[in-house]
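Q: Given only the sequences and the hints, what does the whole structure look like? Please build it.
4 protein chains.
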Amino acid sequence: MTPKLGIPELQDFLAAEFPQVADDFVVRNVGAMTLDLTMAPQERHLRPGGTVSGPSLFALADCGVYLCLIAMVGPEALAVTTNASIDFMRKPEAGQTLLANVRLLKLGRSLVVGDVQIRPETGVDLVARATLTYSRPRSA
Amino acid sequence: MTPKLGIPELQDFLAAEFPQVADDFVVRNVGAMTLDLTMAPQERHLRPGGTVSGPSLFALADCGVYLCLIAMVGPEALAVTTNASIDFMRKPEAGQTLLANVRLLKLGRSLVVGDVQIRPETGVDLVARATLTYSRPRSA
Amino acid sequence: MTPKLGIPELQDFLAAEFPQVADDFVVRNVGAMTLDLTMAPQERHLRPGGTVSGPSLFALADCGVYLCLIAMVGPEALAVTTNASIDFMRKPEAGQTLLANVRLLKLGRSLVVGDVQIRPETGVDLVARATLTYSRPRSA
Amino acid sequence: MTPKLGIPELQDFLAAEFPQVADDFVVRNVGAMTLDLTMAPQERHLRPGGTVSGPSLFALADCGVYLCLIAMVGPEALAVTTNASIDFMRKPEAGQTLLANVRLLKLGRSLVVGDVQIRPETGVDLVARATLTYSRPRSA
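Protein chains in written order, with the numbering used here: chain H, 304 to 443; chain F, 304 to 443; chain X, 304 to 443; chain G, 304 to 443.
Read the hints as simulated data drawn from the structure, not as lab findings. Heads up, a few of these hints could be off.
As the list claims (entries may be wrong) - With a straight-line Cα cutoff of 20 Å, these simulated SDA-like cross-link-like pairs (lysine to any residue) come out:
#, chain 1, residue 1, chain 2, residue 2
1, H, K394, G, A319
2, F, K307, F, V376
3, F, K409, X, Q420
4, G, K409, H, P423
5, H, K394, G, R412
6, F, K394, H, A382
A: In structure tokens, the structure reads:
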């Protein structure tokens, strides 16, 4: 199954639909049911001690699965996140760009499940792992 | 079990430790293992269509459990979120202030589990429900 | 919203559809979007040290939400569990009957979300808390 | 990091500590932070229509992470499951042996996080994916 959208289309979609966060995220790779996304943490993403906040990691995972879905099916009527589960395993350091590897585990007509692994772009140890479920609107 | 900190101390703690989000949240009530927190969504919390974003709801839940923990044990060495699970059930409207009712289900020496229910301040239907686990540092 | 099925109908449904576990569970109460279910742990539910196993607690939660859904909508074509998140907070003792308080947080046309709190029938401290999502089949 | 226990030791451990389920599971492979476990579903694992029940899949995932932990650290004082999140993606057929691929994402002094992917032994599509957290007892 080939993606319907490439990196430039996804980055444009992000800018148009999510202007508040579009500057935070860069799509690095798109494949069959997979997508890589990076975030270079800004001051507003940090917590005391310089670590990246949980909500910022959540946003990276959430956006990654959404973009991967859009890449596969095209910019369809709005899917919504219905469930998310995230494990925070190690504290990321402030200066590091984070890489999210997204993989769709299921792309159903009504439910989509995506897995996300987040690690420093230059490291191997996982910072966080998330699973998100999106509900697709029933087509008319 | 009586809270060690009241609303003013918690609001000060928030301003000192989480300056990026301190203006977003207002502590409304503190009780035995419970805390109420409101968020008046700003432009940066919104998604297309005017609904509040998932990461913003996650931030509200995460911050609520953390403040409830601090209220009960005092401003101790930093506890960290290790796991979060969140169900998004209904789309909140843009203009509504959201109320998070936080309750600690477990306050252990090493693990703390908090339940959060989020609804419009003036409504009854749940927007989201979350469970978060915090790991407390081992005391020296 | 009034339940369509009462305790006897639910117990019959359980015996017909889930004969393997019907003897384990007793429906104690049914209300608007709520249901109480008890489990008297048998030898096969236990782990070393006499505590009740995680999968047994999971089964209690899963069955409770399913029965609460059936109570509200009637014995419809099979809904399936799509997601479950469970926190184990305290070890239950072997001899204790466990009580699950089930509450449907959302009863949508396609997704149903239920919350379950499990404690000893004669105690107050939570043993476990679970959230389960069921997907209802699209009606023809 | 090399496993401390091999397949025979793990199968013996299972028989000694979890006699109720030891016959259900077979350890097929053990590696660095990984373990493969199969379950040949019996009548008691099934649901109407012949599909494998959610609690049975949960038991497979839970046992798999526990055995993988024991393989890496040896048969230490009892670790307990504190959190589990599971997504059910496709219905497994009754006659199929199920294979769980377990991987420890974090092996900390106090918390252990394991990822489990379950599919038919002879298939590629995921039946379920789970993440479990175990809390290790503080050493004396």
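Q: Which of the numbered hints are not met once you compare them with the structure shown?
A: Of the numbered hints, just 1 does not hold.
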